[in-house]
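Can you build the whole structure from these sequences, using the hints too?
Chain residues, written in single-letter form:
Protein chains: 2
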Amino acid sequence: MNRFVLVSLCAILSMQLTSVSAQGPDQPNFVIIFADDLGYGDLGCYGNPTIRTPNLDRMAAEGMRFTQFYSASSVCTPSRAALLTGRLPIRNGMCSDKRRVLFPNSGGGIPASEVTLAESLQEEGYATGCFGKWHLGHLPQFLPTNNGFDTYFGIPYSNDMDRLNDAAPKGRGAFLEPKIEYWNVPIIQDLEVVERPADQTTITRRYTEHAVDFIKKNKEQPFFVYLPHSLPHIPLFRGKEFENHSARGLYGDVIEEIDWSVGQVLKTLQDEGLAENTCVFFTSDNGPWLIFNEHGGTAGLLKDGKGCTWEGGMREPGIAWWPGKIPAGQVSLELASTMDLYTTCITLAGGKIPDDRIVDGLDISPVLFGEGKSPRETIYYYRGTELMAVRHREWKAHYYTQGAYGADARKRENHDVPLLYNLHHDPSERFNLNKKHPEVLAKIEKLVKTHREQLKAPASQLEIPL
Amino acid sequence: MNRFVLVSLCAILSMQLTSVSAQGPDQPNFVIIFADDLGYGDLGCYGNPTIRTPNLDRMAAEGMRFTQFYSASSVCTPSRAALLTGRLPIRNGMCSDKRRVLFPNSGGGIPASEVTLAESLQEEGYATGCFGKWHLGHLPQFLPTNNGFDTYFGIPYSNDMDRLNDAAPKGRGAFLEPKIEYWNVPIIQDLEVVERPADQTTITRRYTEHAVDFIKKNKEQPFFVYLPHSLPHIPLFRGKEFENHSARGLYGDVIEEIDWSVGQVLKTLQDEGLAENTCVFFTSDNGPWLIFNEHGGTAGLLKDGKGCTWEGGMREPGIAWWPGKIPAGQVSLELASTMDLYTTCITLAGGKIPDDRIVDGLDISPVLFGEGKSPRETIYYYRGTELMAVRHREWKAHYYTQGAYGADARKRENHDVPLLYNLHHDPSERFNLNKKHPEVLAKIEKLVKTHREQLKAPASQLEIPL
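Chains as they are written, first to last, in full-length UniProt numbering: chain A, 1 to 466; chain B, 1 to 466.
The hints are simulated quantities; they were obtained by calculation from the structure and are not laboratory data.
Everything numeric in this text was worked out from a predicted model, so none of it was measured.
A few of these clues could be false.
A pair holds if it fits inside one copy or across any two, identical chains being indistinguishable in the list.
As the list claims (entries may be wrong) - Only pairs whose alpha carbons sit at most 27 Å apart, straight line, appear in this in silico DSSO-like list of lysine-lysine:
1) Lys219 <-> Lys179
2) Lys411 <-> Lys303
3) Lys325 <-> Lys373
4) Lys436 <-> Lys449
So, in structure tokens, the structure goes:
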């Protein structure tokens, strides 16, 4: 063997070795697309009559569509904290009874002691990028690049915060006829403000372009893309190409642009030959914001929306796509939660779930691969620090019920005998069966007792002033 | 050419000619599958979380799913009369303000002067079969075989009529824990009662078997199969194979058996090589019967159900399937009605629409074939003989609103300024815009004026005693 052949051979071997270790079948890529305030009934494949979502419908047809998939809270900050830590917000201080989410005048954020999904995957050699709305603290120590992400581009909190009271009309008018200049929300690149106010008409497109670029740049190593769109949170904005795109009006335009974004991500994965090694999951942080008339979405047949613990507040579309791994065209009735994405992704990446704390996420890969049932049997519905309701299998017991927003939110009912619904038979929570099934209530009461005994709730991050 | 060759050649030619004339591309077969009280939100592909409908979902994926498809009435008899005559029930006496449907003690039925879809197709050389619930009169002159069908197997009216008060518990108990022996509904074969009481646990299977046999027997000529299932009308029954089949409970079992039935029909058409020449349409007569708790279905995000003129009462799933003719995987937002099936089928069969009367049905084949928009722009919502609401394009004006059943049904509101909803933006009819759009109300008022001027309402068939 001459020297040239030997060198060539070594080069080829080393390329292959690099390729195997960096992008081996044991380390799939992950893309989590997280909409903001999108309801259970807002997609074509979940029954919406006038919003067209061909890309999400195709994602469902080629993958798995969950019908009983939950976010961990009915509002933004706690829901996002749970997704990225695999833990109920009550365990990490990311909820409060006084302020439901973080605001521009908040001084708190995601505690350093939490191990985020991005940190775990970074540890396993993943490239990690976050493109979109963060809302886990806007001070530098709380931002994505200090919490496991290599890079970040997006807004630090909701798109209706930093309202400019001189520029915007008073009351709801600013929301119902929105203009960019009514708000002063910044766009942050890594740790720097690069634009203020954010041009929200181009924001969905720009998040998408950043995500696509990141995938292309990092295709030789495993990667995690977190793409938390800041829409359809109100105020609604969409790009020029999506003006009057939807029969549903402005709200539909916004959803159809997000659907386009999903199509771009899937196309990139397919064009780059990455589809068979990438798990994509689409869901939303909480239900639709119903108080804003046609600017809010719909939870379909589910009761109520964002801000409350009826099903419409926390049950979400959930679509998983991974050609060749997730069987095509499946509708799954299995119970699952955003927190399960944490545990499932880390497990599939070969990482370790933190064992010095309670992690609520469970590994749902048997469901995804069509190999078994979900390990999840229980959903805890918190409002702030209060456990309002508990679902165990098909049964949901409401200890308290309370309206979502405005005057309704002050109407709180305490149910000495909890309301009880069979969500399989009665998804709209219409028929209380608590007199008929005391044994179910007893079983749920036991679960609650154990849950409370194990619970250590730290001080709230949401109440810390700037 | 010797005599043998000549005879053989003639035989072959004549077979081909027969085959072309009997089953030519100009005369497609039609199968209309009509469920009873199935709601807009009751199928998987319309967003139901716990009812599995893989066959209907496949039918939609291979065909066209309508999101704005309407029955012509919110109750049974008038809805069926409209489907089979292409005319609003107000035009043919098949509605009334005193009795909303026909009963076993009714003496009326479908007038002989009406030209049914079956009669028109029979005229064009079609074999015609009806397998299921009729409900257009149970006296001989009103039965299917005297109104255009070659053969009939099914029940003459609803499955909750002919209640045996000695056998059944009083009140709602009979409906909520149904047994076959509580009702004395007959099964009629052509004109003869062949079974009484009908064994409703096997009824969906038997309708299906009759339809499948009919297709196989008539495959050499054009055929029309009308398969109006008598379920999921309450009381609910299903076959042994479907007991505990569905996570949704008894109601889900019933829908999943109907889904199985659809699968059998499609499979038969494919096995017999008839799929490319057969148009199959699935829909329902009216919305879900909500007063019977978990025994009733759901209209999803639409308001209310059976018996009223809110959207849940009359908007229905509508799925069209015709491989090679109807493009696959389409979701159509076009407006259409069961009455349009009448006109479309007769037109495609080469028949003539009666021109001595007003026919409300329109030819929607351009929509089906992906070639154009729907000619339909208006939906009239009648309750009995009263025009309650009118939809024009995306706008719906309510002149009167009234609850569906029970005490609610006695609460009627007259709207001097009609309520106005944009159904594209607001499918759940939540945001009245009548103050904002007087010009739309004026336009609709004009349509109503013309409609009323052209209207000749004959005496009601539903009020004729036995």
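Now the hints, each set against the structure:
1. Lys219 <-> Lys179: neither (38 Å within a copy, 63 Å between copies)
2. Lys411 <-> Lys303: Classified as both; 16 Å inside a copy, 24 Å across copies.
3. Lys325 <-> Lys373: Within one copy only: 16 Å inside a chain, 40 Å across chains, cut-off 27 Å.
4. Lys436 <-> Lys449: within (22 Å within a copy, 54 Å between copies)
In this structure, the one hint that does not hold is number 1.
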